[in-house]
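Colleague: Chains B and C: place on chain A using the hints.
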Amino acid sequence: MLPELGHFALILGLLLAGLQAFFGIAGPARGRDRWSAAVTAALAGQAVMVATAVGCLIACFVGNDFSVQYVAENSNSALPLFYRVTALWGAHEGSLLLWILLLGAWSVAVWFGSRRLPPRFSARVLGVLGLVSFGFLLFTLATSNPFLRLDPPAPDGRDLNPILQDPGLAIHPPILYTGYVGFAVAFAFACAAMLEGRLDQTWARWTRPWTTSAWAFLTCGIALGSFWAYYELGWGGFWFWDPVENASFMPWLVGTALVHSLAATDKRGLFKSWTLLLAILTFSLSMLGTFLVRSGVLVSVHSFAADPSRGIFILAFLVLMIGGSLALYAWRAPLLKSSAGFELGARESFLLFNNVLLVIAAATVFAGTLAPLISDSLGLGTVSVGPPYFNPTFMLSMLPLAALLCVGIHANWKRGRLADAQRTILFTLLAAAVLGCGVTFGVYTHGKVLTPVAATIGIWIILSSLVEPLYRLRRHLSLPRALLGMSIAHIGLGVAVLALTTVQSFTVERDVSLSLGESATVGGYTLRFDGVKPVEGPNFEGVGGTFTVSRGGRPVAVMVPQKRQFWVQHQVTSETAIRLDRGNNLLLALGEDLGAGRWSVRVQVRPLVSLVWLAALIMAIGAALAASDRRYRAARVSEPAAGAATEPAA
Amino acid sequence: MRFRASLLAVFLAGAAAVQALDTTQLADPALQARYVSLTHELRCMQCQNESIADSPVDLAADLRAQVREQLLAGKSDEEIRNWMSARYGEFILFRPRFAPRTAWLWLAPLVLLVLGAAVSWRIVRQRGALLAGDPDTPDEDLRP
Amino acid sequence: MNRFYLPILTFALLTVVLAVGIRHSPDKGIIVSPLLNKPAPQFALPNLADPAQVVDSRAFKGRWYLLNVWGTWCVECRAEHAMLLKVRASGRVALIGLDWKDNDADAQAWLAQLGNPYEIVAVDRTGRAAIDWGVYGAPETFLVNPAGLVIYKHVGALDEATWSGEILPRLPAAAGPG
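Protein chains in written order, with the working numbering: chain A, 1 to 650; chain B, 1 to 144; chain C, 1 to 178.
Hints in this document: simulated from the structure, not taken from any laboratory. We put the CB at the ideal spot given by N, CA and C, even for glycine. Please note: incorrect hints may appear among the correct ones.
What the hints assert, rightly or not - Derived lysine to any residue pairs resembling SDA-like cross-links, with alpha carbons at most 25 Å apart:
| no. | chain 1 | residue 1 | chain 2 | residue 2 |
| --- | --- | --- | --- | --- |
| 1 | C | K38 | B | V36 |
| 2 | C | K101 | B | A30 |
| 3 | A | K337 | C | I8 |
| 4 | C | K153 | B | A86 |
| 5 | A | K448 | A | V605 |
| 6 | C | K153 | B | N82 |
| 7 | C | K101 | A | E592 |
| 8 | C | K38 | B | R97 |
| 9 | B | K75 | B | V36 |
| 10 | B | K75 | C | D132 |
| 11 | A | K448 | B | V36 |
| 12 | C | K101 | B | A86 |
| 13 | A | K337 | A | K448 |
| 14 | C | K101 | B | A65 |
| 15 | C | K38 | B | E79 |
| 16 | C | K153 | B | Q66 |
| 17 | C | K101 | A | S600 |
| 18 | A | K448 | B | Q25 |
| 19 | A | K448 | B | S37 |
| 20 | C | K38 | A | G379 |
| 21 | C | K153 | B | S85 |
| 22 | C | K86 | C | P146 |
| 23 | C | K153 | A | F441 |
| 24 | A | K448 | B | A30 |
| 25 | C | K38 | B | T102 |
What the hints assert, rightly or not - To spell it out: a stretch of chain B is covered by chain A in this simulated footprint if at least three of its residues, at any positions, have a beta carbon under 8 Å from a beta carbon of chain A; those stretches are:
| no. | region |
| --- | --- |
| 26 | 21–31 |
| 27 | 45–57 |
| 28 | 62–70 |
| 29 | 76–86 |
| 30 | 108–116 |
Extracted from the complex, chain A is given alone in its bound form (with noise of 0.2 Å):
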């Protein structure tokens, strides 16, 4: 019965999803303001029947109804409930059902934000999300249908993929999809503004607390999906440039781009042709994402079974959504003119020098992932693109771009005044020289040309972010939120340069066989295997090596990876054992039987890597923090051009 009622439910939500995008899109356009108003009924209606759908899925992974195909495929009776509920969003069918549950959530969100906004441009807002829905559940029913139902029933599951059964792997679609999602926010206040033809500044800054929440949430999903394939795949390495991982990271750094651009465009009324353009490129990249990741066109190593039926609906849906915004973009653009100037040494042109200098390291990174696929349709042959490509182009625009961060957070607007921050710039410069070549021949002694550079520049950029808000404490002025968001949300970026720099110099990784009571030194620290002993769980078995570590007399700790069994997939899967030491991460990998009582082990000694994650949570941080800013809830009420800015605050 449930799997029905969610199917029904699912087909209900398509209906009002199709209402929702007419009322929204039609209505404003024909003058028919009860036909704008109904949109939000028909929301409202949308997002209930797709939690309802998602209720119902839930009660049968948590009932264990095998009939369902969906459930019987990914989960088992012996599985914990925990991972009966996140079992959800462990394969296509389930995760497309999140990825629109949360676009409705969004909806919502945004239906009540912005209710001081002028009802028509709402919504169109909600209109161009509803079509964004209607073309997702539609996908969903007619070709990844979570409901369907096996005859006869199977016996019991067939179990949900080991390596997902995991705590971070629990909530991190979640938070990526929240922040692939949110985009969409971005991309709905950019059509309708489009649609509208109001293109002024106003929609810039209506836009921009969704935008830096959702980048706060992409950010922190992102982080997360490396932090879990650090420590759950074994591999003890922390981002692959993988199709799926640069599927996120893509939206990442356009979005990255377009809060910045929102800036400019919001307080000088600059770039607002580029800022359209951005949003829509976002919240594309986040849909061409999926289809990259869905398709089967690219490999990766983590990518969901390939079905090209679903490919080829993407991407007529992506046609559709893509090749419609940027059509509109192209009638509409050329209407945009601005007149605001500004100077070289202006804090606009670091704007721009940043736009330009993120879309070109998400131009390499898209160029690099769809490599194997351009090659392949200009008759080139086929190609491998790998870290050894991602690496070096990547940091080709990235270092200047740290670089003139640690100058531009200090020019003023419109005229720089750079002269007068000039002794701020170059004193954080020297202290970060000075500390960062102290950490590279001090702390580590060696490094390669590059470390001290890249050192130098992560901690110039904590630094320089430290002078406004140090020097508005000292004086009692006002420290907005969000000048202060943006000032944690860049010494994370100074922190994860300074942590990925330690850790791509001086990472220390061997793999060594030990038997019963030998020892191993590696990175200074020393192990003693102490022997393996059985372990068991609710639906594994496994054995787990203790080794006793070490680092010059001091006992640090005594660390236990193990391998599992899992009985259902008969997957093995290895469970790594992590310590940190003294700003150290040690990981080990327990390997193989190698015969008469020797075991393969991976030692990693990674410096700093920990920090990496904390530096996406300090700019999720200042992200959020500069989303709550006062000034944009302000700004609506006090907005002349909205209708319905007299009405009461709710």
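Modeller: Chains B and C in isolation, oriented as in the chain A frame:
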């Protein structure tokens, strides 16, 4: 074809979970460093986007053994790459060689940088000219 | 036409690339062999029927043959076995087996049970010869001409379509098994 795709998916899920451990330690640290970097540059042909250093499959272990042997025999990195690509094609190289058919990929970032610099320069000049007739507004309210 | 049309034009090009990608995607992972139209790699390996004897690939020169890489551990090899027997029965081309990283006893039992389509089977216990042939997943089948050049390579189970659509047309009309 659909069957093959799902087979691949099962296969790769298995591959993704376990990591190849390679306890190779060549006596010469310089050779060991070259060994590590070469095995990370060569693609595991059976897997989905993994290097032979990371892959637990048999063939990857065989290819690692080849790299080891050839390094010990005094072959250069380029000779080893050539040996591999003569058998498995350019597809095995994770660092595409700079050749006519891959030139676009390597040149793209550079061309984009030059293009970006040119566009930025033009915009900054235009905007600078607009500033000339513009009265100087106090920029206190233009704070971020 | 102005610069604001650039994004949509770029996107149109991208759409073409993606569409080609979808069309090719079932073949992803099947890589064009660099051996095509190059001399077939040489090997001298033990004979499965009698490991004391050596199978020398130079002996095949001067005739058309199919080199089939297989192993008893390979699921798809079992699927293609019936097709190999049909190829043998057709008498159009000689089938040479390369038993890849396998156990001799298992391989002998497999041929005894399922029938032996091969003229001769070379045993590649270490997998070294397979690397020379650029083998990355059994089964793989290579067509070699009398000049010793690799003419065609098929990855995956050999089926009727490949046999009659790709291999037969490449063989001379009257060519017998040599």
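Colleague: Each of the hints needs a verdict: does it hold here or not?
Modeller: Against the structure, the hints:
no.: 1; hint: C:K38 x B:V36; result: violated, 31 Å
no.: 2; hint: C:K101 x B:A30; result: violated, 32 Å
no.: 3; hint: A:K337 x C:I8; result: holds, 21 Å
no.: 4; hint: C:K153 x B:A86; result: holds, 15 Å
no.: 5; hint: A:K448 x A:V605; result: holds, 18 Å
no.: 6; hint: C:K153 x B:N82; result: holds, 21 Å
no.: 7; hint: C:K101 x A:E592; result: holds, 21 Å
no.: 8; hint: C:K38 x B:R97; result: holds, 21 Å
no.: 9; hint: B:K75 x B:V36; result: holds, 15 Å
no.: 10; hint: B:K75 x C:D132; result: holds, 17 Å
no.: 11; hint: A:K448 x B:V36; result: holds, 17 Å
no.: 12; hint: C:K101 x B:A86; result: holds, 22 Å
no.: 13; hint: A:K337 x A:K448; result: violated, 48 Å
no.: 14; hint: C:K101 x B:A65; result: holds, 15 Å
no.: 15; hint: C:K38 x B:E79; result: holds, 19 Å
no.: 16; hint: C:K153 x B:Q66; result: holds, 24 Å
no.: 17; hint: C:K101 x A:S600; result: holds, 23 Å
no.: 18; hint: A:K448 x B:Q25; result: holds, 23 Å
no.: 19; hint: A:K448 x B:S37; result: holds, 15 Å
no.: 20; hint: C:K38 x A:G379; result: holds, 21 Å
no.: 21; hint: C:K153 x B:S85; result: holds, 17 Å
no.: 22; hint: C:K86 x C:P146; result: holds, 22 Å
no.: 23; hint: C:K153 x A:F441; result: violated, 55 Å
no.: 24; hint: A:K448 x B:A30; result: holds, 15 Å
no.: 25; hint: C:K38 x B:T102; result: holds, 23 Å
no.: 26; hint: 21–31; result: holds (count 5)
no.: 27; hint: 45–57; result: holds (count 6)
no.: 28; hint: 62–70; result: violated (count 0)
no.: 29; hint: 76–86; result: violated (count 0)
no.: 30; hint: 108–116; result: holds (count 6)
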